[in-house]
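A.B. asks: Below are the chains, spelled out letter by letter.
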Amino acid sequence: MTKRIKHTRGISNAELQRKKQEKAYGFDSHYLTKWRKHHVQSQEIHDFLHDYFVLNQCEILEKSGQFLSVKLTVDLDKALMNRPFYWHYLEKTGGEANPSVLNFVTDWTSEENKKYADPKKAKDIEKIHFGSTRLHQIFEANQKVSSHIRLYENCQNALFPWLCQNFIISYKCEKLKSVFLSVGLNLINGNIIEDFDSKVGDLDLKPKIADLSYTLHPFITLNSGLNRLENYVKEKLSTEDNGWAVEARYRLENEINLLNEFYEDDLNNEIYQKEVKDLNDLFTPKIDVRVLNGGLFYLSNSNF
Amino acid sequence: MKNITVSFNPEWRQIFEKKVAEDGPWCNYDLYKLAIKSAKSTLVPDFHGLKVKEFLANFEPLEHQLQTAQEVIEKMNGKAILADEVGLGKTIEAGLILKEYLIRGLVKKVLILVPASLASQWSQELIEKFHIPAVIYKKNMGWNSYNIFISSIDMAKRAENMEQLVQEEFDLIIIDEAHKLKNKQTKNYELVQKLSKKYCLLLTATPIQNKLEEIFYLVSLLKPGHLGNYEAFMKRFSTAKRSVQDDHILKELISKVMVRNRRENTGIEWTKRNVETIFIEMSPTERVLYDAVSKFRSDFMSTLILQREACSSREAVYFTLKNCGHDGLLPYIEQVDRNSKAEKALELIQKINDKVLIFTEYRATQLYLQWYFKMNGIISVPFRGGFKRSKKDWMQMLFQNRAQVMIATEAGGEGLNLQFCHNIINFDLPWNPMRLEQRIGRIHRFGQTEDVNIYNFATKNTVEEHVMRILYEKIQLFEDVVGELDDILTRLEVKNLEKHLVDILSKSKTEGEMRVKMDNLTSLIEFAKELGNESHSHRVYSS
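Respectively, the protein sequence lines represent chains A and B. Sequential numbering of the first sequence, starting at 1, is according to the working numbering. Sequential numbering of the second sequence, starting at 1, is according to the working numbering.
For the record, the hints were derived by calculation from the structure and aren't laboratory data. One thing to keep in mind: the hints can contain errors.
Chain A side only, calculated, beta carbon under 10 Å to chain B, not exhaustive [what the hints assert, rightly or not]:
#1 Leu159
#2 Tyr171
#3 Arg290
Where chain B lies over chain A, by a calculated footprint (3+ residues, C-beta under 8 Å) [unchecked claim]:
#4 44-55
#5 65-78
#6 260-270
Just so it is clear, the structure is predicted and the values come from calculations on it, not from any experiment. We put the beta carbon where it would ideally sit given N, CA and C, even for glycine.
The shape of chain A in the complex, shown without the other chains (with noise of 0.2 Å):
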């Protein structure tokens, strides 16, 4: 009776536990749109996945939706599946190398999919988005061997020789924030440009020499070079605002006279000696640079 009463008032039994659910949980109206985004985001780590195992040569054995099973390539397994016992074993008795097969799922939600959200049905099938180990580990093992590049441009003509770097920025106290800055120095002019990454990126850039074109000589060395990028970035960091470091400096300041005042007559104490050193440590400011990668591009342009 109650059941039909409900069916005409069109709530099914499934949608008011979902109601209530909703209800204890506290789901906000963003949810929906929010779980959108996270569609958008978990195509383009398919995507990312499925060009980085092509590139590095790994036969796809299934690409659907967004699944994905590849065969990794020797070089692959060494550098992600930590298992150098097994590597140190076949090299002496000479077997044959049986790379890993892997398999990454990157959206449990849709339709398609939804078999693969059970961890116990699905095993052998890794759950990959943005926060997952696999793929930091993979971002990881990329820019390692994708750190030092020489490119020239497909064109029949002079090529400029220039130097880039992509550096990592990293402003440092007891917070964080991080920077992308990718410069160019042209080595013939000692002109710096910066967005140098993506000013080449719709350039034709091969890693060998075309035919009928060739490379001027350079004035700067690559020394030079490499120390004026790094004066270029130095320059650049002092005339930024330094408000975030003279913030944390004062917080550092006040965490030390709260300290004093806690010790007061005790300055000798192992314990306060301690205090003093974490407090400096977390609080300092500082900046970190990173190098990502770069290189030598030979170029058609002499400015950009």
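With the hints as your guide, set chain B onto chain A.
C.D. replies: Chain B alone, transformed into the frame defined by chain A:
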């Protein structure tokens, strides 16, 4: 930007020079572009905000949890007491903060100290919800073999471990059930004080259990000096001398290092709590036993303990007496022919005809009840804090799928999640209301979809009735979620409520004296509560 150290990593340059000299090998352009793309995706372009939100796929944190994480990171510099009421997800808040720091690369080495019984639950939650691989420390592993360790505090404070831990440079230390650190004289306190810690999270639902000093010591672990030194603090803030203005200052100071979310402020609609007190008449034989233990005097144990046990079951009394080698009371125990409370519980369970969680303070009662229910065709499972994690999980599952009743002892309170159950019977009552709140928190937490029924048993004309009337009826601690109680007790400077009660009940010479003292205590608590309500429009933590 003067005086800021700028450091470049030199490796890239060295390799580059080598490759130029040897004419390669150079990398693939597509992979090079992928590297740039991936690096850009992991950037954190702003000091503010939570990057962690993009990193969670398996669950959606609640608004108050995200807010807390952000507040701790941005306003408290990663040093905070997370003091949400039970069931609001302190573990999740800690996980969010930890993950955010990991993403930003601010934290690498982490030590998580938890009660031994919660270690595997922590590791499970961190991996499932946050994809953080944390290793549970086992003997002789060496503290630098992994980056993120979970360990029990008892394991960590062993001499050999403590020595090593003090040498390690931890970036973040998380301590669950941090109220175990409130005493400065303990090894626990010494350990945490000696650890190097840049960021530190202390998790506790009860930052102040009894005394004001407790909060002083907790805060001083986190930020020595924040509340001044001990003498200055006590001089200024001990209740006797504290002015209204000082009171505000104290709250203000504490709010800078503590986040305390209360149910009513989380915006989650909580299901209701229906509380029913059931008074039970003792059978004549039970009364004989109760009177006998009331007259019992011994140097080794307090009469009060036996009285409370007699209110629970004759088995509980027997167990204690046997352990002490007294058998003078044995005949009184033997003549008890029934357990009125158990009969009432059985009747209630049959009427409810749904899952019921029963709490008792005594293991002997737990065993007896299990046997008694079985005799009457009701399947029950036991639960104790001492069970191994695997056994706990198993019991939880049995309760969910097979048994109608779970019988838990006090120690079983921590780390149980039983949202599928809507009924609690408090077979006997703890004398510390915070512990009662923890019991209820096992089922009344988010995820609970039904109203929750709480049945409190109290035997008439016994100590139990006195306590019930005072603690749980007059001051209506059930209806108001007990969260406020810690404020009240601090305001009162009732050093130790439990001890206070024991004093009244055991030292009063006459019934009359006892009643007067009890009434005094009640009105004091009521008074403090009113005061609390006035100043409570102002939240304890900053908003």
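A.B. asks: Does each hint hold? Answer for all of them.
C.D. replies: Right, here's what the structure says about each hint:
no.	hint	verdict
1	Leu159	violated, 16 Å
2	Tyr171	holds, 8 Å
3	Arg290	holds, 5 Å
4	44-55	holds (count 4)
5	65-78	violated (count 0)
6	260-270	holds (count 5)
Violated hints for the displayed structure, listed by number in ascending order: 1, 5.
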